[in-house]
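Take the sequences, apply the hints, and build the full model.
2 protein chains.
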Amino acid sequence: MNNEQLFVKLALDNWHAQIKRADTLFDTLTDEQLQQATAPGRSRGIYLLGHLTAVHDILLPLLRFEEQRYPELREAFVVQPDNAAAEFPSISELKAAWKTVNEKLAAHFERLTPAEWLERHNSVSPEDFEKEPHRNRLNVLHSRTNHLAHHYGQLVYLK
Amino acid sequence: MNNEQLFVKLALDNWHAQIKRADTLFDTLTDEQLQQATAPGRSRGIYLLGHLTAVHDILLPLLRFEEQRYPELREAFVVQPDNAAAEFPSISELKAAWKTVNEKLAAHFERLTPAEWLERHNSVSPEDFEKEPHRNRLNVLHSRTNHLAHHYGQLVYLK
Numbered sequence: 021m022n023n024e025q026l027f028v029k030l031a032l033d034n035w036h037a038q039i040k041r042a043d044t045l046f047d048t049l050t051d052e053q054l055q056q057a058t059a060p061g062r063s064r065g066i067y068l069l070g071h072l073t074a075v076h077d078i079l080l081p082l083l084r085f086e087e088q089r090y091p092e093l094r095e096a097f098v099v100q101p102d103n104a105a106a107e108f109p110s111i112s113e114l115k116a117a118w119k120t121v122n123e124k125l126a127a128h129f130e131r132l133t134p135a136e137w138l139e140r141h142n143s144v145s146p147e148d149f150e151k152e153p154h155r156n157r158l159n160v161l162h163s164r165t166n167h168l169a170h171h172y173g174q175l176v177y178l179k
Numbered sequence: 021m022n023n024e025q026l027f028v029k030l031a032l033d034n035w036h037a038q039i040k041r042a043d044t045l046f047d048t049l050t051d052e053q054l055q056q057a058t059a060p061g062r063s064r065g066i067y068l069l070g071h072l073t074a075v076h077d078i079l080l081p082l083l084r085f086e087e088q089r090y091p092e093l094r095e096a097f098v099v100q101p102d103n104a105a106a107e108f109p110s111i112s113e114l115k116a117a118w119k120t121v122n123e124k125l126a127a128h129f130e131r132l133t134p135a136e137w138l139e140r141h142n143s144v145s146p147e148d149f150e151k152e153p154h155r156n157r158l159n160v161l162h163s164r165t166n167h168l169a170h171h172y173g174q175l176v177y178l179k
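Protein chains in written order, with the numbering used here: chain A, 21 to 179; chain B, 21 to 179.
Simulated from the structure, these hints should not be mistaken for lab results.
Fair warning: there could be bad hints in the mix.
No more than 30 Å apart at the CA atoms, straight line, and that leaves these computed lysine-lysine pairs for BS3-like [unchecked claim]: (1) B:Lys29 / A:Lys29; (2) A:Lys151 / B:Lys29; (3) B:Lys40 / B:Lys119.
If you want it as structure tokens, here you go:
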């Protein structure tokens, strides 16, 4: 493994560690626990499960891999904050979508070379990317790993 | 900037973004808010401020930079969970230590070359590091960036 491959491996190991930790938590929490708010007046577990699923689903086109699988989640779980009156998919449906999206991402991640990790993401034009080469796929991976850690820190309050 | 420098820059940008976000939050919260629990029965803001400070302070020797500046924080903020009966330093003292430790880390980070980021951290022996080259400084940076994001996700509940 050369140094560039090692840099990528470190970032990916970090992502996979966060995913695994979240998987374990989602497997451990009951549906009743996931229906609870993480703190008084704050998002419920089910909302954060849907939110993380939708945000990871959006990575599929953002990283220029493929189309979103669950575009219908975006409105309720990204655009809107949690709302007890909203009609959500069931927890088992959301858990299945969570697994599917992360498996798809993992398969794409495995295939990228270090140079491809440094290619632009889909929210930056080729012209702007010339001037701002840090706006690449790996940058997005870092920021979404933190995003997951952020909400994981809230989800553990359901235990 | 070559690719190896870019890989390091991405990881460091991510760290600094989390630090900046936390700084802003700590500056925004009043002392009264920081004395509150982040959720019922969970850690108080002051505890998480001390915890993050102590964990970042421990990075100084863990990354083989220098000795800890505030070793006295470790017992109350890392070994022990939050405890209303514990004697904590004042919030202003903790905030000053938080800034000092992060400034020291930033200065060391700036000086490291990509190759030095891939050198071992202090919890792995040179012999084990031969077999496990991912146990390096950059790996620790990734994991502590997530650690910060995790607790930031809890601290925002004080707002």
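Here's how the hints hold up against the structure:
1. B:Lys29 / A:Lys29: Roughly 16 Å separates the two Cα atoms, so the pair holds.
2. A:Lys151 / B:Lys29: Given that 30 Å is the threshold and the Cα spacing comes to 15 Å, the pair holds.
3. B:Lys40 / B:Lys119: 11 Å, holds
Every hint from the earlier list agrees with this structure, and none is contradicted.
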